[in-house]
Amino acid sequence: MQATLDEIISRYKAGSREALLPLLQDIQIEYGYLNEEAILKVGQHIKLPSSKVYGIATFYDQFRFVQKGRFHIKVCRGTSCHMHGSSGILREVERVLNIKEGNTTRDGRFSLEAVSCMGACGSAPVMNVNGEFKTAISIPDIALIIDHYKNTI
Amino acid sequence: MLFDIEVNGKTIKARRGDTLLMALERNGIKVPTLCHIKDLLPSGACRMCVVEVEGRQGLIPACSHPVEEWMRVRTHSPRVVKARKTNTELLLSNHPDDCLYCERNGNCELQKFAEDLNVRERRFYGKKNKYKTDPSSASLLRDPAKCILCGRCIRVCEEIQKITALDFIGRGNKVQVGPAFNKGMNLSSCINCGQCVMVCPTGALAEKQYPAKLQDALHNPAIKTVIQCSPTLSVTLAEEFGLRPGKDLEGVMYAALRKLGFDFVFDTSFGADLLITEQATEFYNRLKSGTALPMFSSCCPAWIKYAEQTHPHLLANISACKSPQQMLGALISNHLAPGSGIKADEIYSVSAMPCIAKKFESQREEMTHKGITDVDLVLTTRELARLIRLNGIDIQQVEPELSDQPYQSRSSAGKMLAVSGGLTEAFIRTLHFVITGKETSHLKVQELRSTKGRKEYFVKIGEYKLGFAVVNGIGNIEPLVAEIKKGRTDIHYIEVMACEGGCVGGGGQPIHPENDHVKARAKSIYELDEKESNRFAHQNASLQDIYRSFLKQPGSDISLMHLFTTFEEREVMQ
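Residue numbers (this note's numbering), protein chains in the order written: chain A, 200 to 352; chain B, 959 to 1532.
Everything labelled a hint here was simulated from the structure, so no lab data went into it.
Treat the numbers as computed from the prediction; the structure is a model and nothing was measured.
Treat the hints loosely; a few may be bogus.
[Claimed, not checked] In silico DMTMM-like pairs for lysine to aspartate or glutamate, Cα to Cα no more than 25 Å straight-line:
hint : chain 1 : residue 1 : chain 2 : residue 2
1    : A       : K246      : B       : E983
2    : A       : K246      : B       : E1436
3    : B       : K1120     : A       : E217
4    : B       : K1090     : A       : D260
5    : A       : K240      : B       : E983
6    : A       : K246      : B       : E1529
7    : B       : K1141     : A       : E236
8    : B       : K1132     : A       : E300
9    : B       : K1043     : B       : E1027
Construct all of the structure, not just a fragment, from the sequences and the given hints.
Written out as C-alpha cells, the structure reads:
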C-alpha cells in the first residue's frame, strides 16, 4: 500500500532542515514526482518557506514536478551518446510524443527525461524505457520503439 | 587593531576582522559591487569587486575576503578592469536590449557598469531570456527577463524582512528568481513592502503602474481630481530633482500639484491626525475594558497583510482604524464630494505615497463601496516626480502654496508618521490628552528615535502604567510576538512598520544604489516637529471643524462607518 504524504513526513523530526533532501527523495520514490501539496507540507514540517523548498528542489535534476507516464523514457545526453547524435534522438522523441523533455503526454502513457549518463557508453546512443535499454539506436528506430509501447497495454 | 596594507602603491590603514572591501571603502577607494548588500554577510557571487593581490594567482573578491597584513592590492589594474568588463559583457549578453523602454533607464546599475567600463561593442551573443512578466500583484511588477541574478532581492526578503517570498528557481542557464512554484506574486507570501524593488539593480522588479487614466482625468473638466500626499513625500521629493536630501518641499509640492491640474490638493498628515485621534480613543476604550491588548497599529498595509497570513490569531488585537490614506480617502468620497456637490463617479482620488503596499491596500475589498474605490490611484514618490517632470514643471521656480480646505491644517504629530517611532510619539501625545484631559509637556521621546529594530518606552499616563513598543522593520517582529505569546503583559501598544526607518525608508522612495538618504529624511521630519506651532494631532483646527460638522466625536457611528475596517485570515503559499 502506498504510504500517505503525512506518513512519509512524520518519519523525520519537525523543524530539522537537514531532513529536506531525504524527505523530498522519499516522497519522489513513493509518488514518482513532487506536487505542490508535498512541497508546502514539507516546508511547514521542517519550518522552511515553500519558496526555498521549491528553489532547492528545482536545483537538483533528480526531482520531477510532473507525474511520470506509464512508460518513462530516459534519453541519454552523456558525452559518448552526444558524440553519436543523441541530441537528434531527443528531438525525435519529442517530435513523436509531441511533448517537451521533462513532461508527460496528456494520456499519461509516456513521460520523457534527458539524463546525463546511464553507463552504457559502449552502446551509444542509448535510451531506456521503464528500465529496458535500447542500444545503438538511430532516428528512424524511435517511432517503431514508441509504437511498440503504444500497443502494449 | 589597525595595521598597514599597500593599495595602488599607497599605504592605508586597515582594521583586523574587516573585509578587503570595508578597508578600501573606509579609505575612500571605490570598488564596484553588485551582489553585495551593506551589513549583510557577503555572497561573493557576482565577481564585480575583484581586485589583484600580489602573490595570489587568481583575482580576489574584495567583498568576501578578509584583509590581511601582508597584502599589496591593486584595485584598478588592467587585468582587474578587463575582468570586470568581461563580467559586464556576459551579463549583457542575454539581457533584453530595451533600455529605452525600461522603467529604470538612466537609473540602472547594469547600464552604469556598461558605461563606466566603456562597453562599446557586443562581444558575446547569448540567447535572450524569454520569460513572461508577472503582473499578478497589485503592487509589484516582476520581469524575470531583465533579471541579472544578483540575488539581492532574495536576500533582502529573507534576511532583512524575513518573509522569503522569493528564491532562485532552477539551475544553470535556466535559473530565474521567483516565488514558490514560479506562480504569481499575488499567491505568494509577499507583503508588498517593496524592499526588493529598492535593491534591484535593473528593472526586473518595479512598482506596478496604472498610468493611463490620470493624465486624461487631469485634463477633463467634468472630472474633479483630488490628490493627497503622504507626510513623507515633502521631505523626499527633493532628491528626485537633485536637491539636498531631506529638504522640505511641502508648499512647493502643493503648488506644483495644482499646476499639474489637480482640483484639490491635500496632505495625508491630516488623515494621520485623524487616525491618531480615533486610535487614541479606541485604545483608551480597550484599556478601560482590558480587552484585545496589546493593541497593534494598523497604518502599515504590508504589516496588515503579514498579520493576516502569518498571525491570524492576532487580528483582533490590531486597531480597527483604517490607514491615514484610506481615512482621508473615505472623507474625500463621503464628506468632501457630497459637501461640494460632486457625484461619486465625477471624482478621481489619487494618493502619492512612499510605498507600494498602498497600491494593494487601496484595492482591498474592505476599502471599496459597491466596487468603487475610495482611493482610485496610488502613485509612488518616483511616479509623482516623473509626473511633475512630464508636465514640464520646474520645481525650483514654484512658489509655495497651502493645501486645500476643508482638510488644510495639520499638526507636526501627523507628519511624524513618516518615521519609525513617530506614530507612537504622536499617539502618546494625544493619548495623554484623552486619558488626563491635559496636554503633556514631555514631547520628545528619545527612546523612540533610535535606529534599533525594536524600541520600547514605558510611561505613566494618569493612573495607567503603559508600555509602548516599536517594531522597526517587519523582520524584527517575530521575537516580540513570541514574547507576547509567552505571557508578556507590560506592553500595551505596538507600532509596526514593515520598512526599516518607517515610511521614509519605504519601497516607493527614490532608488539610489546606496539607499543612504533615510536618515536625512527622518532628521528633516524631527526638525519640522521642533519648529511647529501645533504638535498635537487632536488640536488640528481643520480636524476639530470636521468633528463639529460631520464626524461628531472619535468613535461615533459616522466614524465607525467610514474610518474603521476589518481584517481577515489570508491563505498564501507560506
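Evaluated hints:
1. A:K246 x B:E983: Judged against 25 Å, a Cα distance of about 38 Å means the pair is violated.
2. A:K246 x B:E1436: Holds - the C-alpha atoms of E1436 (chain B) and K246 (chain A) are around 14 Å apart, at most 25 Å.
3. B:K1120 x A:E217: 20 Å, holds
4. B:K1090 x A:D260: With a Cα-Cα distance of about 23 Å, the restraint between K1090 (chain B) and D260 (chain A) holds, given a limit of 25 Å.
5. A:K240 x B:E983: Measuring from Cα to Cα gives roughly 45 Å; hence the hint is violated.
6. A:K246 x B:E1529: It holds: about 17 Å lies between the C-alpha atoms, which stays within 25 Å.
7. B:K1141 x A:E236: Distance ~14 Å between K1141 (chain B) and E236 (chain A) Cα, so the pair holds.
8. B:K1132 x A:E300: 14 Å, holds
9. B:K1043 x B:E1027: 29 Å, violated
In terms of the numbered hints stated before, the structure departs from hints 1, 5, 9, listed from lowest to highest.
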